[in-house]
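S.K.: Using the hints, put the two chains back together into the complex; each one sits in its own frame.
Chains as they are written, first to last, in our numbering: chain A, 1 to 296; chain B, 1 to 299.
Hints were generated in silico from the structure; no laboratory data involved.
Below, computed lysine to aspartate or glutamate pairings styled on DMTMM-like, alpha-carbon distance capped at 20 angstroms:
id	chain 1	residue 1	chain 2	residue 2
1	B	242	B	88
2	A	60	A	43
3	B	54	A	130
4	B	54	A	132
5	B	242	B	159
6	B	54	B	77
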Amino acid sequence: MAALATGERDSRSALPFVLPALALLAAVILIPAVYVLWLSFQESTFGKAATFVGFANYAKVLGDPYFWRSLGNTVAVVLVVVHVELLLGLAMALLFAGGLPFRKFLIAAVLAPYAVSEVGAVVMWRTLFDPDTGFMTRVLNAIGLPPLEWAVTPSHGLALVALLSIWLHLPFTFIILYAARLAIPKELYEAARIDGANGWQIFRRVTVPLLVPAILVAMLFRYIFAYRLFSEVWLLTQGGPARSTEVVAVYLYLEAFRYNDFGAAAATGWIMVLTSLLLASVYLRKLYREMFARAE
Amino acid sequence: MPSDHAVAAGAAASRRQNREAALPLRRIGAILGKALAVAFILFWSIGPIAMIAKAAFTPERDIFAVGSLTAWRPTIDNFIVLWTRWGDFFTGLTNSLIVTVGATILAVLVSTLAGFGYSRWRSRFLSGSVFAMIALRLLPPIVTTLPLFPIVNALGLSDTYTVLIILYAAFFVSLGTMVMRTFIDQIPRELDEAAMMDGATQRQIMTRVILPLSAQGMVAVAIFVIVYAWNEFLFAFIFTTKHAKTAPLVMSEMIGSLEGVEWGVLFAATLVQLLPILIFVVLCQRHLIEGLTAGATKG
Numbered sequence: 001m002a003a004l005a006t007g008e009r010d011s012r013s014a015l016p017f018v019l020p021a022l023a024l025l026a027a028v029i030l031i032p033a034v035y036v037l038w039l040s041f042q043e044s045t046f047g048k049a050a051t052f053v054g055f056a057n058y059a060k061v062l063g064d065p066y067f068w069r070s071l072g073n074t075v076a077v078v079l080v081v082v083h084v085e086l087l088l089g090l091a092m093a094l095l096f097a098g099g100l101p102f103r104k105f106l107i108a109a110v111l112a113p114y115a116v117s118e119v120g121a122v123v124m125w126r127t128l129f130d131p132d133t134g135f136m137t138r139v140l141n142a143i144g145l146p147p148l149e150w151a152v153t154p155s156h157g158l159a160l161v162a163l164l165s166i167w168l169h170l171p172f173t174f175i176i177l178y179a180a181r182l183a184i185p186k187e188l189y190e191a192a193r194i195d196g197a198n199g200w201q202i203f204r205r206v207t208v209p210l211l212v213p214a215i216l217v218a219m220l221f222r223y224i225f226a227y228r229l230f231s232e233v234w235l236l237t238q239g240g241p242a243r244s245t246e247v248v249a250v251y252l253y254l255e256a257f258r259y260n261d262f263g264a265a266a267a268t269g270w271i272m273v274l275t276s277l278l279l280a281s282v283y284l285r286k287l288y289r290e291m292f293a294r295a296e
Numbered sequence: 001m002p003s004d005h006a007v008a009a010g011a012a013a014s015r016r017q018n019r020e021a022a023l024p025l026r027r028i029g030a031i032l033g034k035a036l037a038v039a040f041i042l043f044w045s046i047g048p049i050a051m052i053a054k055a056a057f058t059p060e061r062d063i064f065a066v067g068s069l070t071a072w073r074p075t076i077d078n079f080i081v082l083w084t085r086w087g088d089f090f091t092g093l094t095n096s097l098i099v100t101v102g103a104t105i106l107a108v109l110v111s112t113l114a115g116f117g118y119s120r121w122r123s124r125f126l127s128g129s130v131f132a133m134i135a136l137r138l139l140p141p142i143v144t145t146l147p148l149f150p151i152v153n154a155l156g157l158s159d160t161y162t163v164l165i166i167l168y169a170a171f172f173v174s175l176g177t178m179v180m181r182t183f184i185d186q187i188p189r190e191l192d193e194a195a196m197m198d199g200a201t202q203r204q205i206m207t208r209v210i211l212p213l214s215a216q217g218m219v220a221v222a223i224f225v226i227v228y229a230w231n232e233f234l235f236a237f238i239f240t241t242k243h244a245k246t247a248p249l250v251m252s253e254m255i256g257s258l259e260g261v262e263w264g265v266l267f268a269a270t271l272v273q274l275l276p277i278l279i280f281v282v283l284c285q286r287h288l289i290e291g292l293t294a295g296a297t298k299g
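Pulled out of the complex, with its shape left as it was, chain B reads as follows (with noise of 0.2 angstroms):
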């Protein structure tokens, strides 16, 4: 046997010298290949954004045009124009930010202690629960405006901060809670344990030795819900009309203007919506792939 694998090291080596032999051209190919995927993908990925930044930034009556590059004389008119006639997009912007600070605070809040909980301890009750979790994240978001849409009328919430916070947050806890879990699983339990020795109870523990050690688990889960609170539309679309609007809201109302819409203007606010969320997803890219790969794969 092992006179088999020898041979068979031998042919492999030998093959290997053939391939390398016949390289330059192939690796040319290579690269060539690799620099046109790379452009495909920059061009597709950014492509699309790259051209509402341009046009955001061009006069009205040539963002159509044909050929403008070359002729392009960037102005800030189409912001202005936003500023002055579009005072709702503004006021949209900070109730985007208000639901997306509000929500994100008890998502995190809520997913952290839950985390806590199925991370340190076993029960009939707790597997039950976590698979329940799981399972109500498969429910479309549209099925449960349904009953809600009544129910939030009823208690005064319809068009209100609070309303959107909740929904946000609720559709976010239970990602939240496994990613939570994943990160809390790796404390080691041996700190637990040590704080019990000394009398602490275990809120104690949760406050004192959790809480410090997965500030990371906290930072995933809170760039999941700032994302998704800072774009959502179908909720503000139902649950909001007039005092609680959300930036994307007031966009699609910018679209739907029967009156012929502003294109230009529309790509101004487009942009400004877009500009703080993309910064933060660029910067928190590290987090953000933790915690898609820890919420995805354990969840």
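Extracted from the complex, chain A is given alone in its bound form (with noise of 0.2 angstroms):
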């Protein structure tokens, strides 16, 4: 009957009630995505007729030594920051299924980070790690560990980028592996310890195999949400000092707002996003491969 009664249902009926959805998806992200294919193959700027270049802008960026720099740190900073995410919101997911004490209170101060913005976080966190005064430095200090200069060296900036990063969007990972977890029934728990299986046990064929798609879901997620990364690097660093702190968003505004090169910007965008799928993609794969032949 069910059948019978969607069948009835001509499609096109539907099409009123999602054109505007996807209308303005096509007006907003679609077109301009393909206009700035079109625009990554000509020259242009300001106030000039823009004139077909072929593969050029492409030929610029890559052989631009700037461009590789703020790929190899986009690339440092986002294995980093999933990653480590992924862990913590694995352990806290586990944490918090194993029952704790003012649980609702609990997921509320992990939730809080959510609600701060990009701007607000940098403020915190640049003066947690304030080199002269900053509270984690005085931390640092007392441990023996010398001072996030996160100013002056490269590295040190980037670091602050991935742990400020990491701080913003775990709850999003926390959320998604947590749900997954709760999701898993507790007879499959019961039946694991009645056979004898230790808490390893249980964590390693219980636990993981079941919390695969969630993992890889979270995964692919903050992959892609993570390439993006702007606003953060932007507020603390500008990219600098002398570009070195650089991530492929920074280098495109740089190109097309600072040295009004559409041309090499657009070629940059179009880059960014085949690598941002090959990344997310040929990472995935394996994974998924591997999990599933162990599985076996």
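M.R.: What follows is the structure, encoded as structure tokens:
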């Protein structure tokens, strides 16, 4: 009966409902993206008609050491951020699932950074790590470590960017993993315990395999969103000193809005789109296959 | 075979007994470990926010003084300076509010309609377009700013609420649609069919049957858009310069002022911008979690 009823609903009458959403996406994302593809084959700047230059923009970007540095920085930050987030998120999900007092309050606390803007987070973390007076600088000092010279040393700047990105986005990763962990039926754990499995075995044979889909989803989303990284870097170091902490989005912004080279910026944009897809797909496929090979 | 099973169960039982014998020490260790972990989580999550909150109520000259916790004399001076000298910031807050409300209404409306469409009909075009929606979500926003910048200027939309409202809504339409589809899928089709028997049009089904029952999903979508639009930086940075500047943008100008940052005032601004949305997130905890899981795992 249900099938008959849905069959009666002519799919053309769905159009008025889905068209506003599709129109909005087409106008703001699809058409601009296609235009950027066209632009990436043109030489274009303010007050000049665009002329076709083939792959010259791509050649220029790919021959630019600053581009490679920004790509290297981005990849390093993304890899650290996403994996640390997954590890912490997983550990926290298991801790919460194991039962904690004041659970509601604790979850509210864990979610708090989700409400913080990128600007707000930058204000907080640069204050904490202020090389002279920051609280964390004093902590590092107390345990015999040098301060984080984030405004001077490129790797320190990127480390602070990674730290505050993890802080901002851990709530998202945690929620996905926690919800997935709660969805695992209790009976499976009881059965494993009756079979004499210890904690580690239960973790390896029950928890991890059943969480793999959620881990992959969280990882995919975080790869894609972490790769866009712009505001944190821009607000903390502006890509400096001497363009050493640029990430790809900052490189693109500078090409377009500081050097007014729209062709090169557009080429960067498409390289960004393609690499982000590649980064996600290669890794995910490999992981997916490995996980299922182990499950056999 | 059954006897094997019994032996295994017996072995497990005796192992359990051994474990229980060694329990007190181990349990104390476990509780201690848990307490440490919880302390770390609290410190990590709320520490930076608490630090800002305290500093906002500290006189400018004492903010960076060491060991100032015991001698702390709370003051609202920073907020007074913020109010008298940074009118821009409060205009920014108003702008943020207008843009957030506009983007939320637009995104929820469009996502709910589309969620209904994708939940109730199947066709090649619909499957294709839903895939396109998910794929478009992968495009980095900064890529689309390139062509939008001249178009927005040409249309006279630069530095207006409209451009931010449209952009914010557009970047949440695909997630919003997935969340709404998940929620509307849970509304029994029999209700639609009963209404159709009574001669209702699809539009009437949408407004009379679906809308009243999908409030929960709409709340989940609204929360995402509200948090995003209230805090967004990149688009506000590129597309607004004066009239439509949002609060985060004004804050970034406070950081960037080369004259030397007035930290106390900046902390006060950070706290004022954060507090309403933080309270909102805490109050909407349950819906936020539902929305995240519905959108992420099904989308």
